[in-house]
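> What follows is each chain in one-letter form.
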Amino acid sequence: MEWEVVIGLETHTQLQTKTKIFSGASTAFGSEPNTQACVVSLALPGVLPVLNQEAVKCAIKFGLAVNAEIAPRSVFARKNYFYPDLPKGYQISQYELPVVGKGSMTIQVGSGDKAYEKVINITRAHLEEDAGKSVHGAQEGMSGIDLNRAGTPLLEIVTEPDMRSAAEAVAYAKKLHDLVQWIGICDGNMQEGSFRCDVNVSVRPKGSDKLGTRREIKNLNSFKFMQQAIEYETSWQIETLEDGGTIQQATVLFNPDTGETRAMRSKEEANDYRYFPDPDLLPLAISESDIGAVKAEMPELPEAMKARFEAQYGLAHYDANALTSSRGTADYFVATVDAGSDAKLAANWVMGSVSAKLNAEDKEISESPISPSALASLIKRIQDGTISNNAAKQVFEAMWAGEGDADSIIESKGLKQVSDSGAIEAIVDEVLAANAAMVEEFKAGKEKAFNALVGQAMKASKGKANPAQVNEILKKKLGA
Amino acid sequence: MINKSLKQLGAMLQGKEISSVELTQEFLNRIDRLNPEINAFITLDKEKTLSQAKHADSLLAAGKGTALTGLPIGQKDIFVAKGWRTTCGSKMLETFVGPYDADIIERFDGVGAVNLGKTNMDEFAMGSSNETSYFGKVQNPWDRSRVPGGSSGGSAAAVAARLCAAATGTDTGGSIRQPASLCGLSGLKPTYGLASRFGMIAFASSLDQSGPMAKSCEDMALMMNVITGFDKRDSTSLNREKEDYTRDLNKPLAGIKVGLPKEYFAEGLGADVAKVVNEAIAEYKKLGAEIVDISLPNTQLSIPVYYVLAPAEASSNLSRFDGVRYGHRAKEYGDLMDMYCKSRAEGFGAEVKRRILIGTYVLSAGYYDAYYLKAQQIRRLIAQDFENAFKQCDIIMGPTAPSTAFKAGEKADDPVAMYLQDIYTIAVNLAGLPGMSIPAGFAQSADGKRLPVGLQIIGNYFDEARMLNTGHAYQQVTDWHTQMPEGIE
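As given, the protein sequences belong to chains Y and R, one line each in that order.
First residue of the first sequence? That's 1 in our numbering, and the numbers climb one at a time after it.
First residue of the second sequence? That's 481 in our numbering, and the numbers climb one at a time after it.
These are computed hints drawn from the structure, not numbers from a lab.
A portion of the hints provided could be inaccurate.
[As the list claims (entries may be wrong)] Ranges between beta-carbon positions, derived for each pair: (1) R:Gly928 - Y:Tyr81: 52 to 62 Å; (2) R:Gly748 - Y:Asp272: 34 to 44 Å; (3) Y:Asp272 - R:Asp894: 47 to 57 Å; (4) Y:Asp272 - R:Asp893: 24 to 34 Å; (5) Y:Ser104 - R:Gly748: 24 to 34 Å; (6) R:Arg834 - Y:Thr35: 57 to 67 Å; (7) R:Glu969 - Y:Thr35: 34 to 44 Å; (8) R:Asp818 - Y:Phe223: 52 to 62 Å; (9) Y:Tyr81 - R:Val957: 24 to 34 Å.
Yeah, the Cβ is synthetic: ideal placement off N, Cα and C, and Gly gets one too.
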């Protein structure tokens, strides 16, 4: 039987607010335990939550970015359960009425001929607070609780079960990861847990329109693990069904060391969270003018920018797509063009050498040792014929290594093209004299011999002669 | 002097007839003498109290005194106060010392009032007799064998026994008004949202409201000027312009329309209470009030609705008392679950546990719609009853409680009988309206005791100034509110 995998994602994105969602405590990462736990974070008796409006703005930004409905009235609810890192004994979340409703995102899957686009529907996105952390083993026989993270604002983004492969799920997660950073609501730092995915996976016979029983893979914080976890989970479910077994709804964890998923709790043991509207918080009201104010602050979104790159700079669809894959890349490209570079050359350099170097060194584009204006000054020297493409590559390497700006490197390495026609003529004459046989061959009709002569001339000039001029002069001399 | 009003004592302080330290010491001496039996205060800290009094004297000397500067106020032990043990009447918080000040504490500090001590209360404000307090029951000064009412029973007994000039209370279903009625005081629960809940340990967040308990409406008006006001730390606090609650105290009452809900005078109301209340209403007629018969048809539903919603909120509000960060933790336990179970089993009393269980049940999957959601719908109907009533009248009057103070232990094993104590007060909380109780006279008990009876006055939203005017006018022509129990000299 042919099987189809059905995948939906729930992503917790930590919002980039300075303070917590319901208190004035700082959200900075990595401080000493409990130094960012104010009376509200500690859930002392008598304290009350007050909603951070910056978190609401982030939610509105996201809603706008995925063309979603933004609820004029949404409600905070209490999710009740006991855990030591949950200081109030309940988490403030949104349940029946979330702030962001239905929306969608277009993802690009695969590359080359097999690349395709797909629309992923967003079910909802809601605001909630994060829990603290349990710290085991710091003290012998004891567990510690660090409440620095308790109350950090999260936007939980939930999709429809629209994805049909690990590749699609990863493409969606990456695209979402790019988008939340693009609109500036999340720093995207997966190591620090700023972007965590829960992946719901089920399988069904291909062609069936009934959903199979799903298992939820919790807390994936790398795209590589997500890919591995989904692939393992999918084949495990298929094998289980093919062996005559059934799938039990469950929450599972992925173990990166073994590459396997394992159930942590089954549905029977699931908590009854006793959700009810939080009486300490008024319903969240968002007006058209609130949305308008956020809209005015929104950066140009990737889709719009992509279309603009195609129209304004004449870039190919694929190139425009690649350049708008992240805000950093797009900003870098635009800054390079603004500094005077030809747009197509800039696109080639950003997607080519710059991107290759960054990948090799595992760096973000913001960490590039070559600034957009420095790159533009290099490209300008290609445009004005000062250096050849080959020489430009050498200059780029040297600039990357921190050896100076384009002009000083060209100077110090002597990479300037020779465009003095007298000097080139002299070289050509020498080459013709030294390669009489080749000249004869050319005259006998062997076209290839011409290229060989150009090569000899370039070699004689140590690569510095302007190739166009060499061609021209050689042609004249040979009477071609 | 002990029977003087806040207004009168304030004038003495401003006139330098007495210092705050002298006045405060006088009340502390009375507490030393009477509190061991009455048990109105859980925690005293004379050093802190007297240092506040000294500070008040320096303000007064500098001419910076205002109406309440230097006046000793009892603070219900539900309000967190910095450096003060704050127990909420529970073993759970027996050793908890407040690391910050509740809004109401800040406000009294801000005007130079003196915190005389933390008053006894039913555990987590759950009770109508002050018998659920971990720190022991409180005596009603009018008859020491009887309860003072609850949950603000300590505050009520303290003011009735003249252990303080006034006190604060909180009212979730009648916890200011019922003890005020049973102890012969004036008590006011403001419109929901007028007083900040920040630092007030939550029982049922959508119903809780703090307010004054004093000897007269005039004194309550002075306290309301301090207690109310916007607080950005409480999202349900209302951002309204500050009012002067004394502004209408002396307005004539002629022409005021007083609504009498027929449901408040039906079966269940003690005949002795009914008689006193009717006499008070007759007095209002003399003052020029026009009496209108009204109906609040959903009154009977208010108790069942309340005992779904309040426990639901409480079950969640009290989850933070888990033994992890502060409060009681069992000495011996196995795993985490065992630590939770033992700590909470040991830390909470029976009534609190009962309400946590009820609340947990009504919020559970499969029961939520039938209980919590239905109760919320009926809550709206109850609010509509009042909305309709206030189309016919300016103010509503009736009994505060169905009976006078009952004997300690009499209802302790019958929760439903205890819950019925709040039959006339609960609907006001459910609707978020202001409600007040003032002394209306006395009833004779079977064993010959003179027991106070309260008249409840319910106003429309934000109509506290008119309510205080209505009460003050009555207190100008009656002296019930100035009478003192015997044996507290």
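> Are there hints from earlier that the structure breaks, and if so, what are their numbers?
Structure breaks hints 3, 5, 6, 7, 8 and 9.
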